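Novice: Spelled out, the chains give:
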Amino acid sequence: MPLKTAIYIRRAEREDLDTILSWMDDEDFIRFLYGDPARSPKQLRSKIVTLLGRSSGLMMPGSIYLVIDSPEGPVGLLALQKISWRNRSCTIDLYMGQKSLRNGIVAAMAVYRALEYCFDELNLHRVGAYIYAFNTRSWRLMEKSGAKRELLLKDHVLRDGKLYDMYCYGLLREEFEQLRERYADFKGMSLADMIAAHKGEEEAESPS
Amino acid sequence: MIRGEHSLIRTIELDDAGGLWQLYDVERPLSFLLDRRQELPLPSRDDVRRYLERNDPQHGQYYVVEDATGQVMAFCGVRGGAGEHGFAELGILPFADSFFEAPACKEVLAFLHQLVFFQLRRYKAMAHCLDTEVGWCKCLKQQGFESSGVQRQVLFTGGRWHDLETFTLFRPVSEKETINAS
Numbered sequence: 001m002p003l004k005t006a007i008y009i010r011r012a013e014r015e016d017l018d019t020i021l022s023w024m025d026d027e028d029f030i031r032f033l034y035g036d037p038a039r040s041p042k043q044l045r046s047k048i049v050t051l052l053g054r055s056s057g058l059m060m061p062g063s064i065y066l067v068i069d070s071p072e073g074p075v076g077l078l079a080l081q082k083i084s085w086r087n088r089s090c091t092i093d094l095y096m097g098q099k100s101l102r103n104g105i106v107a108a109m110a111v112y113r114a115l116e117y118c119f120d121e122l123n124l125h126r127v128g129a130y131i132y133a134f135n136t137r138s139w140r141l142m143e144k145s146g147a148k149r150e151l152l153l154k155d156h157v158l159r160d161g162k163l164y165d166m167y168c169y170g171l172l173r174e175e176f177e178q179l180r181e182r183y184a185d186f187k188g189m190s191l192a193d194m195i196a197a198h199k200g201e202e203e204a205e206s207p208s
Numbered sequence: 001m002i003r004g005e006h007s008l009i010r011t012i013e014l015d016d017a018g019g020l021w022q023l024y025d026v027e028r029p030l031s032f033l034l035d036r037r038q039e040l041p042l043p044s045r046d047d048v049r050r051y052l053e054r055n056d057p058q059h060g061q062y063y064v065v066e067d068a069t070g071q072v073m074a075f076c077g078v079r080g081g082a083g084e085h086g087f088a089e090l091g092i093l094p095f096a097d098s099f100f101e102a103p104a105c106k107e108v109l110a111f112l113h114q115l116v117f118f119q120l121r122r123y124k125a126m127a128h129c130l131d132t133e134v135g136w137c138k139c140l141k142q143q144g145f146e147s148s149g150v151q152r153q154v155l156f157t158g159g160r161w162h163d164l165e166t167f168t169l170f171r172p173v174s175e176k177e178t179i180n181a182s
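Chains as they are written, first to last, in my numbering: chain Y, 1 to 208; chain A, 1 to 182.
Read the hints as simulated data drawn from the structure, not as lab findings. Nothing here was measured: the structure is a model prediction, and the numbers come from that model. Not one of these hints is a red herring.
The following label-pair restraints were derived from C-beta to C-beta distances:
1) E181(Y) with A110(A): 48 to 58 angstroms
2) M24(Y) with Q71(A): 50 to 60 angstroms
3) R149(Y) with R121(A): 29 to 39 angstroms
4) P103(A) with A184(Y): 57 to 67 angstroms
5) R121(A) with K144(Y): 37 to 47 angstroms
6) Q119(A) with P71(Y): 54 to 64 angstroms
7) P172(A) with W85(Y): 40 to 50 angstroms
Restricting the straight-line Cα-Cα distance to at most 30 angstroms, the calculated cross-link-like pairs of lysine-lysine (DSSO-like) are:
8) K82(Y) with K124(A)
9) K124(A) with K148(Y)
10) K154(Y) with K124(A)
11) K162(Y) with K42(Y)
12) K124(A) with K47(Y)
13) K154(Y) with K138(A)
14) K162(Y) with K124(A)
15) K154(Y) with K141(A)
16) K154(Y) with K106(A)
17) K144(Y) with K154(Y)
18) K99(Y) with K82(Y)
19) K141(A) with K148(Y)
20) K162(Y) with K141(A)
21) K124(A) with K138(A)
We treat Cβ as the ideally placed atom computed from N, Cα and C, and that holds for glycine.
Whenever a hint applies, use it, and build me the whole structure from the sequences.
Specialist: Laid out in structure tokens, this is it:
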């Protein structure tokens, strides 16, 4: 599933373990992680090892982990979790290990490609995402992808002694199709042209 | 065992597995029975029995609601009471939707309120409601729950998609003060 760039996404493998574990040193990894932030590194390591071990390409798995790879090595991780083959739905989580890429088109394109994988390959009907309100970059990315904010859970998560809201986003297949039509012109474009086109679009959208 | 004017509420026992099992009905999906992937499982009686054996706050606390003759009218329960989060999810599983309009329902809700905010000391109660659970939805609103939004087309059963609404109730300030003072 190559992007038209040197960066692409692929299934996560056990060999990615050391890279993913090294991202755990980043305090953002813990802050944005759902669940108890007090989990020890050993517990987290054990969880990640188990998750990667379960990432089978042959069965109908409950979760799939995709690595965002580049010639310099992995730069991020996409997790498709809670996959329901009956409801044809899953949730998506993105973690960019390389901080310089968090706010850029690489993250956006990786999510777009992961959504393509969800709808075109896994034949899903709905992709959801639970995102903390303080994780502005992530929920803006979901909104750019056409997802609708469906839930606002007030005072839902405790971080640094303070309660924060959480959002739930939902993207249905028909909404993704609309997004695909919007970006149809990007097909076959070089990354430089895509960035230029995207910038032009953003400038047109922003009020002068 | 809690005896009210219209109901008797007691902890669930393994012998109740058969009754609870009857409620896993694709024709009448109940949101409180959805699993973490929001699927409605179709368990065997043994599966339900095994689930009840783990009747603790981590997996959920379930109770039986009987009428004066000992007839089971509903089950109710709370999930998430032992997690690191400050909220818990509550639910009622009646055999007939008319239960939500019966006086016994008010007693059950009062019991769950007490359980979530005082016994488990949660600051927030949550509840989910499928688009077909009209009585449950109305009941939650009457109890002061506010909608946090609707997740669209999350469940496919009975040949169609269902939406799932989430409701929230925060512990009232006066009750917080009571807890602090005690």
